Amino acid sequence: MKEKVGEEKKFFFEKPRNVKIAFGYFLGVLAGLLIAEFFIHKHVLLPWEGWPEFYAVFGFVTFVLIVFAAKHILRPIVGRREDYYD
Amino acid sequence: MIDVVPPALIFIVGALVVPLIKGKWKSAFLLLLPVIGFINLINIPEGSNFIVSAFGLKFIFGRVDRLSLLFGYIYHIIAFVALLYSLHVKDDLQHFAGLIYSGSALGVVFAGDLLSLFIFWEMLTVGSAILIWSRRTTAATLAGYRYVLVHAVGGLCLLTGIVLYLRETGSLQFGYIGLNSTASLLILLGFGVNAAWPVLHAWLPDAYPESTPTGTVFLSVYTTKTAVYTLARGFAGTEILIWIGAIMTVFPVFFAVIENNLRRVLSYSLINQVGYMVCGVGIGTQLAINGAVSHVFAHCLYKALLFMSMGAVLHRTGKINCTALGGLYRTMPITAICCIVAAASISGFPFLSGFVTKSMTIQAAVENHLVIIWFLLMVASIGVLEHAGIKVPYFAFFGHDSGLRPKEAPLNMCFAMCISAFLCIAIGLFPNYLYKLLPYPVVDFVPYSASHVVGMAQLLLFSALAFVLLLAAGVYPPERRGINIDADWFYRKGGRLFYFVMDKCFNGINRISEVIFVGGLAGFLGRISRDGHIRAALLFLVPVLTAGGATGEKLTLKKASVRAALQTGTSPVGISAAIATIFLIVVYVLL
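Going down the list, the protein sequences come from chains D and E.
53 is the number that this note's numbering gives to position 44 of the first sequence; each next residue is one higher, with no gaps.
418 is the number that this note's numbering gives to position 387 of the second sequence; each next residue is one higher, with no gaps.
Same shape as in the complex, but just chain D (with noise of 0.2 Å):
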């Protein structure tokens, strides 16, 4: 954007140090979640929930698993080109 505008101004998420300072945020949020599980009560209601770290595990691999379905096995079935139905 540079370019066209001489003087813009360099946006929040266009400094990479911000990025990586938002990233860090982030990974120390999921690694406080991660030891937080050990210092509450648990309250389980089905036996996996009381596995350590059930849900981030769980989180991350379904995550990862919906993705891929939908990508290489929906998108081959149903995708079409914008014209389809003219």
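Since the hints were made in silico from the structure, they are not lab data.
Source: prediction; values computed, not measured.
Note that CB positions come from ideal geometry on N, CA and C, so glycine has one too.
Please note that a few of the clues may not be correct.
[Said to hold, decoys possible] Okay, the calculated bits of chain D under chain E, using three or more residues with CB under 8 Å as the criterion:
#1 30–42
#2 45–59
#3 85–94
Once you have looked at the hints, place chain E on chain D.
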């Protein structure tokens, strides 16, 4: 009693008055309507009000109890927010349609009998169809027609069910119906079309993204949530709804991941969210119904807010596809922040509205030992985070820089979005105010236990980590231009197949008839009547002439002179007599 009117009436009369008011007064009038409606609503006493007897039937326009009231409250709040959001629109038709639409939704919710429910149900379709058509593009017009056709089928199904139900029970009272006969099945299916059940859902992602930026905000709320209300009223605890709801939460997730149009992503996410409600209604315990209904309340706000933020983007840039957008946080920070609040709410982040409502339904599933359902709902929660929580804000406001530098949304849009965002946060922080309004008392449900907060935060943030890593690794499906076919394929392509078959069948018969009758038979008869007698005469004369010694050129000349003589009717008497005799012999022989 004297001072209050049916809740629907205020909006419907208001809709009719809108075109008569000009200038700034119109804005004031539009904003005042939901306020007056709300004051009217809280003054209506509980029980059955506004009973009208006509045609030997009893119409109830104001059945007020805790269930209908909660829907009434949120419908008024959304009407206010959506009208504020669309205040800059100079098109009276859109305001008219928006008011008729929200009024009809209130009509359904407060209807105490099935017939008035049906009338408002159909008005709901009319109002929403006008909202779709008022975009005035070819795509919107066509999608609107498909929308109307699907809802017409659903409406007829409902009407047939109601008529059969009246025959079976002799009553039109709208209370618990339960799935136990053909009539109730038809009613359930009618409700199911509007609730966007799997396979019946395609009208939603087909039509909603084609509406105007403001119209979609109305659309995102009323049709589906009204269907949830009717299901909760008539079919609470119907087991099949648990499964239908759970499937609804999961399958749209995959479509949303690969969808390019962001308002279509939100439409799929809408189906997913309604799935939680349908599932809760199916479970049917007090906690589950509370979960479903409170989810309606929270969902109306954040889903409208998501559509508002995307509407603002569409309004300012004219674009809505992931491939065309990106980096808008630079110049649309308020819209971006509001979008993030809504995205976090719908994902169920702690201290926001989705967290305190969705978890009720999930807990109800666990308490009823529905482990597979629990699993599906959890997978869907991660899916929500994927498409509505991350994809929508990321691809619109962050991601690659599209180079677009639109202005911030108009002031009225910003206000509307901020009010909704504020309410999303308020519900998340102070859920007890919402819990007090629920149909059943909230007893042993505590949203903010340390265990629940940490668990959900882990689930969501580690999903987000997966997104970051997939994106960094270049594995996340790149946005690409294109569409994805869905269940509407069957009637869109099926319609064409029908047209093709009909064309080939009936037009084929037409063409064959033309060849046989017009081209063939008529021409043949014409030729026969023109020179049939000449041919007949020649047929008999040629052997005679040949016997008389005429051959070659002579014969040709003789034939020509006979032909000329017969054509002009100037044949010598002998020949005429011969022909007449031959004719008589032929007739004699034939008869």
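Results for each hint:
no., hint, in the structure
1, 30–42, "holds (count 5)"
2, 45–59, "holds (count 10)"
3, 85–94, "holds (count 7)"
Checked against the numbered hints above, the structure violates none of them.
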